[in-house]
Structures are given as structure tokens and as C-alpha cells.
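Residue numbers (the working numbering), protein chains in the order written: chain A, 6 to 194; chain B, 6 to 194.
Hints were generated in silico from the structure; no laboratory data involved.
Under the rule of at most 30 Å between Cα atoms (straight-line distance), these lysine-lysine pairs were calculated in the DSS-like manner:
1) A:Lys188 to B:Lys161
2) A:Lys161 to B:Lys161
3) A:Lys127 to B:Lys56
Every beta carbon over 10 Å from chain B, so not counted as near; a handful from chain A, in silico:
4) Gly26
5) Ala70
6) Arg140
Cβ coordinates follow ideal geometry from the N, Cα and C atoms, glycine included.
Number of protein chains: 2
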Amino acid sequence: MSRWEPNARGRLEQAALDLFGERGFEHTTAAQIAERAGLTERTFFRHYADKREVLFGQAHALEQAFVDAFTDIPDTVAPADAMASALETVAARYFDPHRERVRKRHAVIMANTELRERELVKLASLSAALVAALRRRGIEEPAASLTAEVGIAVFKVGFGRWVGDTGERSLTDFFRESFAGLKAVTADP
Amino acid sequence: MSRWEPNARGRLEQAALDLFGERGFEHTTAAQIAERAGLTERTFFRHYADKREVLFGQAHALEQAFVDAFTDIPDTVAPADAMASALETVAARYFDPHRERVRKRHAVIMANTELRERELVKLASLSAALVAALRRRGIEEPAASLTAEVGIAVFKVGFGRWVGDTGERSLTDFFRESFAGLKAVTADP
Numbered sequence: 006m007s008r009w010e011p012n013a014r015g016r017l018e019q020a021a022l023d024l025f026g027e028r029g030f031e032h033t034t035a036a037q038i039a040e041r042a043g044l045t046e047r048t049f050f051r052h053y054a055d056k057r058e059v060l061f062g063q064a065h066a067l068e069q070a071f072v073d074a075f076t077d078i079p080d081t082v083a084p085a086d087a088m089a090s091a092l093e094t095v096a097a098r099y100f101d102p103h104r105e106r107v108r109k110r111h112a113v114i115m116a117n118t119e120l121r122e123r124e125l126v127k128l129a130s131l132s133a134a135l136v137a138a139l140r141r142r143g144i145e146e147p148a149a150s151l152t153a154e155v156g157i158a159v160f161k162v163g164f165g166r167w168v169g170d171t172g173e174r175s176l177t178d179f180f181r182e183s184f185a186g187l188k189a190v191t192a193d194p
Numbered sequence: 006m007s008r009w010e011p012n013a014r015g016r017l018e019q020a021a022l023d024l025f026g027e028r029g030f031e032h033t034t035a036a037q038i039a040e041r042a043g044l045t046e047r048t049f050f051r052h053y054a055d056k057r058e059v060l061f062g063q064a065h066a067l068e069q070a071f072v073d074a075f076t077d078i079p080d081t082v083a084p085a086d087a088m089a090s091a092l093e094t095v096a097a098r099y100f101d102p103h104r105e106r107v108r109k110r111h112a113v114i115m116a117n118t119e120l121r122e123r124e125l126v127k128l129a130s131l132s133a134a135l136v137a138a139l140r141r142r143g144i145e146e147p148a149a150s151l152t153a154e155v156g157i158a159v160f161k162v163g164f165g166r167w168v169g170d171t172g173e174r175s176l177t178d179f180f181r182e183s184f185a186g187l188k189a190v191t192a193d194p
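Chain A extracted, bound-state conformation (with noise of 0.2 Å):
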């Protein structure tokens, strides 16, 4: 039962999307995620700790993901288009290489009332790792935490736009529009 089972994970996140999206995350369960994708219930465990944890189980690597992305960007950006250049790293590196399993994992995730709170608390807790971000870079509050909302917003409209879109359009162009529209939104006439 130990032996390796190539790509493991990603048959049983590819099959659980799947099983999620034809019969409903509460109605799927761990076996018959492991069954589809051709494995025991024994290695769905070795995976992951429940049904849940295949969809979010990736939040804590996305925070990471945000931070990496700021060591890369000098210290003398501006706070903003730090924000700016970092979701595009992200939206590049980890969004637009997987675009239909993200889409599948949103509409299973808006399908579904408790998964949609966690996605709330992911979001916040996100913004939490931004603003410790920022500050690292020795920005000062109130702008931390301003800006790391800046992000928020970006991020959810770019991304509500992206997942809606019927297009080609990558996620990293939309957040570049979602961007340059809050800061048209927030410009002095």
C-alpha cells in the first residue's frame, strides 16, 4: 500500500473537482474521490485530511506565494505598485497555467454556503499576510493596511471578472485593468 502512486494528488484534486461539480461537494465523498481517480481511500488520506481540505488546502502556499513575490520587487516601488506587480507574479505563476481547474474549484466553491465562508476567511486571512508583508518592507500604518486592502480589491474584482469571462483573457491582464481602474476610481478629477 506504500508504493508510489504517480501524480497521486493531482488525479485525486482533478477527480474530487469533478465529482464535486457533477454531484455536489456534500454529496461526494473521500471514497468515491479515490475510486475515480483509480486509488485507495487510504492514499486520499495520505493526501489530504478531508474533502475540504482539496479545495483549500493550497491558502497557506497562495500567502506564501504573495510574500516570495515581494522579496523579488525593490524596496524603493512604491507600496502600491509593489501590490500591483506582486499579483501579477502570482496571477501568472500559480492562476493563468491552471486556468479551468480554478474556474471548476469557484463554481464548486459559490455553489456551496459553508465553502463560500471559508473562502471569506481565506481572503481575510490573506490580507493578513499582505499587510505583515508590506510592513516588512517598512511601510508604516495606516498605508499597510491600505494597501494591502488595495490588494483585496484588485484581487477579488480581477478575479470575480476573470473566472466570469468566456475569453482567452489572462487573470494578469485583469488585475492590470482592475488596478487602473481603482486608481481611476480614486483619482482626483
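Fit chain B to the supplied structure of chain A, relying on the hints for placement.
Okay, now just chain B, sitting in the frame of chain A:
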């Protein structure tokens, strides 16, 4: 039992906030709240469905307050300025006169994971209400969503600074400061 109890709702809220603060939300019962308020448990349930509603029963009224504030602002006012004006109106009418009660409520919510999540849901619902109000002013997407998220950003940061402040500054003033700070952060150099 149906006799009129003067200001029963206000007395129940005050008693609930006191008890939540003393014993924790999870260790307080509706019966204890009623007793502390000098009222019967039956009276409690005439005013509130459960103890959680004492904290969140006004969420819809808050959304309506924003909608009302927008209707008083001429459509010629730019979206972000209308958003800033609505925030100040709501702060002056619904928060500043109830400073101690709002702070007590906030402390109770921050001390409990489930209540913090409920507060995030409330903010997400407020965000959707703001988008709808801005759309009714003829503001297109994505400007409406971006303006609403700017409002939520100012609300979160301004409110967080106000409840954490030991001085006498008003929430209206913190909102004004946060909005100016957000404009400064996103302004071109």
C-alpha cells in the same frame, strides 16, 4: 406576559454585551441575558431569534443605511466621492453616537472564531449591497465593484483604527483619514 416592557430590546442588548464580555459568548444563555436585563426569557425570544442575533440583527439595517445615504447624494457626484460621503453619513448616524456599545460588540466578535466568520459574511453582503446601490446610480462595471471595494477597504481600515483608538476621535474622522490615505497610496507620483 404581553405587557409592554420599556426599551426591552435595548436593555437585552446591553445585558447581552455585558455578559458576553464577562463570560464569553459561548458561555452565555438567553435565559441569563433576560435575567440580567430584568426581563423574562419569553421577552428575549420576542425580540431575538437567538443570542447571535443580538450581535448581527442590525446587519440589514446597516446595508439599508448605506442605500439611504446614497439616495441623498446627487448623481453628479463622482463614484468614489459618493462612496466617501455615504461612509461619513453612516458613521455619524449609526456609529459615533454608540461608541461604547460598538466597541463592546467588536471585542465580543474578535474573541470568537465563529463570530469573526459571521462578521466577514456580513461585510461581503454589505459589499454586494454597495455594488447594487452604485449600479442604480448608473455606474458601470467594473467601476461599481471597484468603488464598492474601496468603500469596504476604507470601512475595514477606518473602523479597525477607531475601535482600537483610546482617544475621542470620531469614526467619521477615521473614515475621512482612511479615504485620503487610500487616495494617496493609489495616486500617481
